[in-house]
Amino acid sequence: MGKIYNSAAEALDGLLFDGMLIAAGGFGLCGIPENLISAIKDAGTKDLTVASNNAGVDNFGLGVLLQTRQVKKMISSYVGENDEFMRQYLSGELELEFNPQGTLAERMRSAGCGIPGFYTKTGVGTVIAEGKEVKKFNGQDYILEEGIIADLSIVKAWKADDTGNLVFRKTARNFNPPAAMCGKVCVVEVEEIVPRGSIDPDHIHLPGIYVHRIIQGEHEKRIEQRTVRQREEA
Amino acid sequence: MGKIYNSAAEALDGLLFDGMLIAAGGFGLCGIPENLISAIKDAGTKDLTVASNNAGVDNFGLGVLLQTRQVKKMISSYVGENDEFMRQYLSGELELEFNPQGTLAERMRSAGCGIPGFYTKTGVGTVIAEGKEVKKFNGQDYILEEGIIADLSIVKAWKADDTGNLVFRKTARNFNPPAAMCGKVCVVEVEEIVPRGSIDPDHIHLPGIYVHRIIQGEHEKRIEQRTVRQREEA
Amino acid sequence: MAWDRNQMAERAAQELQDGWYVNLGIGIPTLVANYVGDKDITLQSENGMLGMGPFPFEGEEDPDLINAGKQTITELSRTAYFDSATSFGMIRGGKIAAAILGAMEVAENGDLANWMIPGKLVKGMGGAMDLVAGVGKVIVIMDHANKKGESKLLKECTLPLTGKGVVDRIITNLGVFDVVEGGLKLVEMADGVTRAEIDSLTEATLVN
Amino acid sequence: MAWDRNQMAERAAQELQDGWYVNLGIGIPTLVANYVGDKDITLQSENGMLGMGPFPFEGEEDPDLINAGKQTITELSRTAYFDSATSFGMIRGGKIAAAILGAMEVAENGDLANWMIPGKLVKGMGGAMDLVAGVGKVIVIMDHANKKGESKLLKECTLPLTGKGVVDRIITNLGVFDVVEGGLKLVEMADGVTRAEIDSLTEATLVN
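Protein chains in written order, with the numbering used here: chain A, 1 to 234; chain B, 1 to 234; chain C, 1 to 208; chain D, 1 to 208.
Honestly, the hints are just simulated from the structure, not real lab data. Each hint should be verified, as a subset may be incorrect.
Think about it this way: if two alpha-carbon atoms lie no more than 30 Å apart in a straight line, the pair counts; the simulated DSS-like pairs of lysine-lysine are [what the hints assert, rightly or not]:
(1) 184/B <-> 136/A
(2) 3/B <-> 137/C
(3) 72/A <-> 137/C
(4) 137/D <-> 147/D
(5) 136/A <-> 41/B
(6) 72/A <-> 136/A
(7) 120/D <-> 148/D
(8) 155/D <-> 184/A
(9) 164/C <-> 184/B
(10) 73/B <-> 135/A
(11) 135/B <-> 135/A
(12) 132/B <-> 185/D
(13) 3/B <-> 132/B
(14) 132/A <-> 132/B
(15) 132/A <-> 135/B
(16) 123/C <-> 41/A
(17) 135/A <-> 120/C
(18) 73/A <-> 137/C
(19) 123/D <-> 148/D
(20) 135/A <-> 46/A
(21) 41/B <-> 123/D
(22) 164/C <-> 120/C
(23) 155/D <-> 136/B
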């Protein structure tokens with residue numbers, strides 16, 4: 001029984017339950033697990049807590065799970081570019097735990113690395129520090145942040161071999177490796193599954209030990225802010 | 001003024017002082033900064049504290065700095081294979097702070113990542129926990145470990161471009177990236193300096209931001225335990 | 001004649017030193033990249049990139065290559081990619097020499113508010129809290145006063161803080177100010193701006 | 001007839017399940033790799049490698065490719081390399097299903113001592129403390145008694161601990177033992193070994 005599954009629905013079979021915590025890779029709409037998000041929508045799993053830097057846009061990425069009201073709580077650093085998210089949050093329909101972006105990434109990485117808590121200067125003296133333990137190191141205040149362990153991680157990579165070794169592409173790497181690390185189970189969607197041995201072992205970004213199930217999928221890869229410059233006339 | 005220097009001595013110029021803390025990459029004799037160690041020997045810098053997983057062998061690697069008595073204290077996880085080290089330690093001439101290997105690696109990585117302390121289960125209930133703060137997470141005990149900030153990191157990589165982007169080779173990567181991260185200054189020796197742009201930006205193991213000075217050097221790359229298997233007769 | 005957006009960006013670019021790794025925030029700070037000239041500056045994008053290049057030519061946009069503002073960008077010969085945990089590791093770890101950020105309010109003790117207006121604007125702090133806590137030097141670029149003509153350089157911030165005592169230097173359309181013991185120190189005035197104008201538009205204590 | 005080194009290793013290999021990632025310690029545990037048969041087992045070497053292959057053929061040794069025992073090894077088609085911080089991240093994070101380790105002493109409560117004899121042998125714990133704290137299952141392989149004929153399965157360890165209450169199963173030359181409530185439970189006896197032999201060579205409490 002290998003790690004490769006035929007569809008997102010099949011890969012998520014038996015892993016979803018109401019009230020679960022899901023960690024999702026991606027930054028904005030870049031490097032997001034489009035197919036797995038769709039499959040979670042179709043499965044109708046409810047009362048989700050989702051740890052993800054952003055929540056997509058209104059009708060794409062994690063935004064679709066907000067539209068269907070499947071998400072009870074987001075753990076995010078930035079919620080702009082998503083009117084439905086803002087509306088649900090300001091009206092009190094959605095819980096939102098703001099995390100500084102680096103704290104969120106490190107909370108995922110830490111939990112995956114067996115570190116239940118770490119100290120950071122980020123957020124000292126702000127609302128982020130409220131209720132958190134403060135400790136001095138070298139005379140400076142740091143706050144204690146705790147690891148996030150997810151019931152499930154959903155991740156997008158560029159390529160995988162059949163043992164789950166992953167390669168990401170450019171800035172689509174972003175939160176995907178830390179998100180993968182913090183899941184009790186990690187399901188990955190890729191653009192291409194390649195034979196084992198075809199990726200140089202020194203080029204692997206995330207070893208297969210973090211990856212439990214893999215699907216190959218089609219990806220729209222929508223661009224959120226298309227910015228260009230003009231070619232100089234010849 | 002770029003990052004490339006002509007020799008190990010030149011690259012270390014102005015960075016060495018008695019009583020300093022040096023973090024060194026390498027595991028056993030694999031991936032060790034041979035040329036920089038030699039240059040520190042030649043410089044005669046004294047009362048060093050060296051954070052390194054091992055201390056080389058008697059006449060190679062960090063072992064040469066033990067022979068010259070330049071080292072006051074080692075922070076290491078394993079000191080076997082080095083009789084002079086054992087002798088100096090057992091006779092009280094050398095201080096030794098044993099760190100579990102993973103704790104040592106994480107203490108380096110943490111300090112480099114602005115995390116002055118983290119909790120780990122490693123060493124709970126052992127001598128390693130003595131004098132350390134214990135905190136419960138989910139009903140289990142964890143101990144607080146602090147980051148190691150080094151005055152200087154000495155690191156060995158396979159290739160660098162002139163901006164300091166590094167690529168390591170196979171298991172010679174080991175402690176080199178975390179050691180590089182924790183130094184106030186990081187000097188790297190490589191087998192080859194390549195033009196910028198010749199390393200795929202997705203294949204870079206450690207970005208040049210961690211690297212302040214680079215030299216290209218000759219490397220003996222001594223093998224500590226040569227183990228082989230027999231070819232089956234045809 | 002106060003500075004315009006580009007002049008503020010140009011003035012901010014003077015703060016950057018050869019060899020520095022720098023993070024530029026969204027908005028006016030982005031324009032600073034246009035004025036670094038011959039200096040060897042490497043721009044970090046906190047979503048996982050060092051060596052951020054300019055916008056792509058039309059038709060060459062790559063959805064896998066964006067900056068922290070989600071804009072399509074390009075890579076350079078010095079570029080390296082990494083994950084978000086590593087990216088903020090280098091930010092918190094003090095490897096980034098400077099961040100140039102926008103702000104809603106700055107207080108005379110260096111407090112910075114730039115991430116939310118309770119009940120109105122709730123976008124989130126993104127990477128700003130990590131940046132101000134971690135980088136070597138925090139430089140703010142912002143208009144000296146808001147649209148109602150009220151000073152944004154305050155005795156105390158009224159909005160939720162991004163960081164406490166974190167700002168080193170402020171570049172406004174009227175001039176350049178350092179956070180020092182006892183208040184803000186006027187370092188430089190924009191061409192044609194008078195001290196009286198600055199005094200009248202500054203709530204924060206100005207010290208000499 | 002007690003088990004020899006290879007038989008102990010063969011017995012230990014039975015503990016490993018298809019698809020597991022496993023760390024093998026130095027000494028007898030290394031031999032376990034010879035007995036995994038058709039099972040899909042990926043070996044971790046804690047110096048930064050998953051998918052550790054056998055020793056190289058003579059002349060093909062690579063100084064950049066060693067295991068945690070500093071021995072030259074080879075890579076496989078599944079191999080991935082990473083740094084030491086990442087390596088111990090996966091160990092502490094519970095991603096490694098099992099570690100098979102040697103020991104000097106094991107106590108009936110699962111305490112393990114295998115890293116130093118004060119004043120005599122001071123090699124260091126290497127990665128052993130991280131492994132026993134982090135992996136899913138800790139399996140010890142060791143001789144049942146030392147060279148003086150004294151039990152290594154004790155009521156309490158006398159040497160400095162590697163981990164407290166961490167051992168799950170012990171495979172000795174005499175049999176297989178689980179750490180359970182109240183002491184050690186005899187799970188299996190080596191061929192030809194009698195219960196009387198085991199009782200006489202075991203200081204730890206044996207429970208049923």
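How the hints compare with the structure:
no., hint, result
1, 184/B <-> 136/A, "holds (21 Å)"
2, 3/B <-> 137/C, "holds (22 Å)"
3, 72/A <-> 137/C, "violated (39 Å)"
4, 137/D <-> 147/D, "holds (28 Å)"
5, 136/A <-> 41/B, "violated (37 Å)"
6, 72/A <-> 136/A, "violated (35 Å)"
7, 120/D <-> 148/D, "holds (17 Å)"
8, 155/D <-> 184/A, "violated (35 Å)"
9, 164/C <-> 184/B, "holds (25 Å)"
10, 73/B <-> 135/A, "holds (28 Å)"
11, 135/B <-> 135/A, "holds (13 Å)"
12, 132/B <-> 185/D, "violated (34 Å)"
13, 3/B <-> 132/B, "violated (40 Å)"
14, 132/A <-> 132/B, "holds (21 Å)"
15, 132/A <-> 135/B, "holds (14 Å)"
16, 123/C <-> 41/A, "holds (25 Å)"
17, 135/A <-> 120/C, "violated (33 Å)"
18, 73/A <-> 137/C, "violated (35 Å)"
19, 123/D <-> 148/D, "holds (22 Å)"
20, 135/A <-> 46/A, "violated (38 Å)"
21, 41/B <-> 123/D, "holds (25 Å)"
22, 164/C <-> 120/C, "holds (22 Å)"
23, 155/D <-> 136/B, "holds (27 Å)"
Figure legend: structure checked against the earlier numbered hints; hints not met, in rising order: 3, 5, 6, 8, 12, 13, 17, 18, 20.
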